[in-house]
Amino acid sequence: MERGERAFWQRWRRTTLNDQPGSGAAHEPDLQTVPVGRSLENARMAPVDIVPIRLAHAEAFHACLDAVAKESLMLGQHQAPPFAQVHAFVASNVEAGHPQFVAWDGERVLGWCDALPQWADGLRHRGQLGMGVLAAARRQGLGERLLRATLDAARRQGRLVRIDLEVRADNGPAVRLYERLGFAIEGRRAMGLCHRGVYFETLEMGLIL
Numbered sequence: 001m002e003r004g005e006r007a008f009w010q011r012w013r014r015t016t017l018n019d020q021p022g023s024g025a026a027h028e029p030d031l032q033t034v035p036v037g038r039s040l041e042n043a044r045m046a047p048v049d050i051v052p053i054r055l056a057h058a059e060a061f062h063a064c065l066d067a068v069a070k071e072s073l074m075l076g077q078h079q080a081p082p083f084a085q086v087h088a089f090v091a092s093n094v095e096a097g098h099p100q101f102v103a104w105d106g107e108r109v110l111g112w113c114d115a116l117p118q119w120a121d122g123l124r125h126r127g128q129l130g131m132g133v134l135a136a137a138r139r140q141g142l143g144e145r146l147l148r149a150t151l152d153a154a155r156r157q158g159r160l161v162r163i164d165l166e167v168r169a170d171n172g173p174a175v176r177l178y179e180r181l182g183f184a185i186e187g188r189r190a191m192g193l194c195h196r197g198v199y200f201e202t203l204e205m206g207l208i209l
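Each step along the sequence shown adds one to the number in my numbering, with nothing skipped, and position 40 is 40.
Careful: at least some of the hints might be erroneous.
As the list claims (entries may be wrong) - Each computed SDA-like pair below joins lysine to any residue, with the alpha-carbon atoms no more than 25 Å apart:
| id | residue 1 | residue 2 |
| --- | --- | --- |
| 1 | K70 | L177 |
| 2 | K70 | R145 |
| 3 | K70 | E201 |
| 4 | K70 | A169 |
| 5 | K70 | L193 |
| 6 | K70 | G182 |
| 7 | K70 | M191 |
| 8 | K70 | A96 |
| 9 | K70 | E95 |
| 10 | K70 | G97 |
Stated by the list, open to error - Pair by pair, the computed Cβ-Cβ distance ranges are:
| id | residue 1 | residue 2 | range |
| --- | --- | --- | --- |
| 11 | S92 | E204 | 35 to 41 Å |
| 12 | G172 | Q77 | 33 to 39 Å |
| 13 | G187 | Q77 | 19 to 25 Å |
If you are wondering where the hints come from, they were derived from the structure by calculation, not from laboratory data. On a predicted model such as this, the values are computed, not experimentally measured, just so you know. We put the beta carbon where it would ideally sit given N, CA and C, even for glycine.
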């Protein structure tokens, strides 16, 4: 992947969410994000595996990414990039062996988590965390399972020294999950995220592996 392309993805992914968004009307899930062809109940009852992403997952990953982005709650964009761009992104990560995992129910990607090295020479020891879970599949522990798998893989590989993330300050469950897995709050960014004309404070968090 070219440096410009990698930098684009790092900017796109910078603000993250997990499978337990904070309480309050601003976080209520849009049930239209339930995977097509599956009821909410079936999406929750289907067995879900946490597996390294493969190129065969690209289309389902793109659909999941787009659904989460269109909630306009946590991610930095309001829709996924074109499929060709996402396909190239997945192919590059698979080839490089970067830690990237999906929650897979046999048909659909219900969530993802990755920790990708920053592109600049002096920053390649730092991984930028990106993750998301479909609204219909939240509050089932998928976010924690995805995050643990990603961190475990990063530690085994030994390429990254630290993991960085940015999260909305009012997403209490996500912040608590990150802290439980060892992340520390390293800074605050006033007006760090804007959705639908509303600005949100974000937290900069980091984990030394």
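Discussion item. Let me make sure I understand: some of the numbered hints might not hold for this structure. Which ones are they, in numerical order?
Written reply: 6, 8, 9, 10, 11, 12
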